[in-house]
Amino acid sequence: MRRVYLDHSATTPVCPEVAEEMYKYITGNYGNPTSVHYYGRQVRNAVEEAREKVAASIGANAKEIVFTSGGTESDNMAVHGIVYTNKNKGNHIITSAVEHHAVLNMVQALEKEGFDITVLPVDQYGMVNPEDVRNAITGNTILVSIMHANNEIGTIQPVEEISKITREHGIPFHIDAVQSFGKIPVNVDDLGADLLTISGHKVYAPKGIGALYVRKGTRWKQTLFHGGAQERLRRAGTENVPGIIAMGKACELAVADLQEESDHLRKLRDAVIEKVLNKIEHVRLTGHPAERIPGHASFCFEFIEGESMLLSLDMKGIAASSGSACTSGSLEPSHVLLATGIPHEVAHGSIRTSFGKDNTLDDVEYFVETMQSIVERLRSMSPIDQDFDSTCASCKEGKSCHA
Amino acid sequence: MYTEKVMDHFENPRNVGELSNADGIGQVGNPTCGDIMKIFIKVDGDGGERISDIKFKTFGCGAAIATSSMVTELVKGKTIDEALSISNKTVAEALDGLPPQKMHCSNLAADALHTAIKDYKDKKYAE
Chain A
1 MRRVYLDHSA TTPVCPEVAE EMYKYITGNY GNPTSVHYYG RQVRNAVEEA
51 REKVAASIGA NAKEIVFTSG GTESDNMAVH GIVYTNKNKG NHIITSAVEH
101 HAVLNMVQAL EKEGFDITVL PVDQYGMVNP EDVRNAITGN TILVSIMHAN
151 NEIGTIQPVE EISKITREHG IPFHIDAVQS FGKIPVNVDD LGADLLTISG
201 HKVYAPKGIG ALYVRKGTRW KQTLFHGGAQ ERLRRAGTEN VPGIIAMGKA
251 CELAVADLQE ESDHLRKLRD AVIEKVLNKI EHVRLTGHPA ERIPGHASFC
301 FEFIEGESML LSLDMKGIAA SSGSACTSGS LEPSHVLLAT GIPHEVAHGS
351 IRTSFGKDNT LDDVEYFVET MQSIVERLRS MSPIDQDFDS TCASCKEGKS
401 CHA
Chain B
1 MYTEKVMDHF ENPRNVGELS NADGIGQVGN PTCGDIMKIF IKVDGDGGER
51 ISDIKFKTFG CGAAIATSSM VTELVKGKTI DEALSISNKT VAEALDGLPP
101 QKMHCSNLAA DALHTAIKDY KDKKYAE
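Residue numbers (the working numbering), protein chains in the order written: chain A, 1 to 403; chain B, 1 to 127.
Everything labelled a hint here was simulated from the structure, so no lab data went into it.
C-beta: ideal position from N, C-alpha, C; glycine also.
Please note that the accuracy of each hint is not assured.
[Claimed, not checked] Pair by pair, the computed Cβ-Cβ distance ranges are:
| id | chain 1 | residue 1 | chain 2 | residue 2 | range |
| --- | --- | --- | --- | --- | --- |
| 1 | A | Tyr38 | B | Gly97 | 51 to 59 Å |
| 2 | B | Lys123 | A | Gln124 | 29 to 37 Å |
| 3 | A | Glu160 | B | Glu11 | 31 to 39 Å |
| 4 | B | Glu11 | A | Gly217 | 56 to 64 Å |
| 5 | B | Met1 | A | Pro289 | 28 to 36 Å |
| 6 | B | Thr3 | A | Asp123 | 41 to 49 Å |
| 7 | B | Gly48 | A | Asn105 | 51 to 59 Å |
| 8 | A | Glu111 | B | Glu73 | 48 to 56 Å |
| 9 | A | Lys279 | B | Thr3 | 28 to 36 Å |
| 10 | B | Met103 | A | Asp123 | 34 to 42 Å |
| 11 | A | Leu361 | B | Asp81 | 36 to 44 Å |
| 12 | B | Thr79 | A | Met315 | 34 to 42 Å |
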C-alpha cells in the first residue's frame, strides 16, 4: 500500500546524516562526558561541538544552551525556573490560550501554588494581540511566555512586537519555538527571546532531545531537577550524548537547508490549501491564511468527525492528525480551535496535515483525492448537515459536556 | 486500539441510511459532544412485533459508527422485547470490546435503539 506521512508537526523521521553521526556515539564513543579519562574527554568535546552548532542555529552563544529531553522539559524548565527565581519580585505570569500543554499545564500548576495567571485570548486566526500583552502587564508580572508558531493551526505569533513590550518593562520573555524552528528563521536576537525552547524530533533528530536557550544575564535558575552538576548546574542527570550529537547535526542541517526547505514546504502547503478549499464544500481553513508556518495546513470539515477521518485516511496509507475530542484523549476538542472561536461541533471535524522534506506535490494530490471520497462517505452516513438544529435537549452525556 | 470487528463495522457499516416510512426514530447525543446517533426502525406487527428493518445515521468517531452498525445487525428481525434487552454493553461485547475511553462517549447505539422503540410505542399508543 502506498504510504504518505503528513504528520511532521507530530514528529519527523531521523535523517540519514543525523543517524550516521549519532550512531558513533551509541556504539563506539560511549564515555560519560563528566569523566576525566580519555573516554569522557572524547565525548565531552563532541557534546560541546554540538552545543556550538545548536547555538549557531538560533544566533546564540554556546554557553546559553542547555540540553534537555525535549520541548516539554524545556518549556517546563523555562517557566518554572523564571517564576521560582523571581518570586520575590512578583507572582504574575502572562501566557496565551493557544499555548502547548507543556506551558499551559505548567502555569495552571503554578496557579494552584498561588501564582496569578493571565491567559490572553486570541483572534479568529489564533493570533495574540501585542497590545493585550501590554495591557496585561502589572507591577507583579515576572514572565511572559508566548509560542512562536502554533502546533495545531500553524499561526505565527507577532513575538517580535511582544518582545519590544516585555523589554520596555524588563520582564523575561520565553518563546516556545518548537514548531517554527527549521521552518522559518529563528534568531533569539531578532525575536527578542530571553528564553527559547526547541525540540530535536521536529527537525529530523530523534525523540528525547531538546534544548533551552537562556540569554546571558537572565535571572533564571533550574528549579525542577535535583542531582549532579551537569550542564553547568542547569540540568542534572547524565547527558543524552547520542541525542545531543544528533541535535547538533540536525540544527546544522536545519539552518543550511532552511531556504530550500521552507520554499518546498510552502509550495506543498499552498497547494493543499488551494485544492482542499476548492474541491470540498463546507471546509474551513483553521489558523492564519498567510502568517502560518510553511508545510502546515489545518482544516475543519463540517458535519463529520476527526477520528473517523483519521481512521479512513490511515486505511489508505495516509498519516495525519486531528484536534477532535476523540483524539485529544478527553471529551473536549482542542483548546486551540475553541480559543479561535470555532464551535465545538465544527472543532470535532478538524484535520491537520504537516509536510516534510520527503513529501511531494503528488502526495498532495493523493491526499486531496482520498479526502474527497472520505468526506463524501462519512457525510452520507452523518445525520447532520447545514440545516441541522443542534440542541442539547436529547443529549444523555450533558453532564460531561461544557458547551 | 480498535478490534478487528470494530474496524470491519467502521469500514463496512451495515444498514446505513434512513427509512422514509419508519415506525420509530430515535436520536441520542448532539454535535457539540461529538457524537449523534439516529436510528430508524420499521416494525412488523404480524405474529408478534418484530423489527423488520432498521437503518442508522451517525456523526462520530470510529467507535460511534461501529456500535451503530453493530446494533442494527443485532436487532434486525428480533422482537421488540428482544431488542429492548440489548444494552450498550451488549453492543460493545459483540464488537469484542471498545477502548475504555470510548465506553461512555461513543457507545450510545443501544440508547438510540431504545429511543426509537419508545418513539414507536408512543405513536402506537397515541393511535
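Hint by hint, here is what the structure shows:
no.	hint	in the structure
1	A/Tyr38 x B/Gly97: 51 to 59 Å	holds, 56 Å
2	B/Lys123 x A/Gln124: 29 to 37 Å	violated, 45 Å
3	A/Glu160 x B/Glu11: 31 to 39 Å	violated, 49 Å
4	B/Glu11 x A/Gly217: 56 to 64 Å	holds, 59 Å
5	B/Met1 x A/Pro289: 28 to 36 Å	holds, 34 Å
6	B/Thr3 x A/Asp123: 41 to 49 Å	holds, 43 Å
7	B/Gly48 x A/Asn105: 51 to 59 Å	holds, 57 Å
8	A/Glu111 x B/Glu73: 48 to 56 Å	holds, 49 Å
9	A/Lys279 x B/Thr3: 28 to 36 Å	holds, 34 Å
10	B/Met103 x A/Asp123: 34 to 42 Å	holds, 38 Å
11	A/Leu361 x B/Asp81: 36 to 44 Å	violated, 59 Å
12	B/Thr79 x A/Met315: 34 to 42 Å	holds, 36 Å
Going through the hint list in order, the structure does not satisfy hints 2, 3 and 11.
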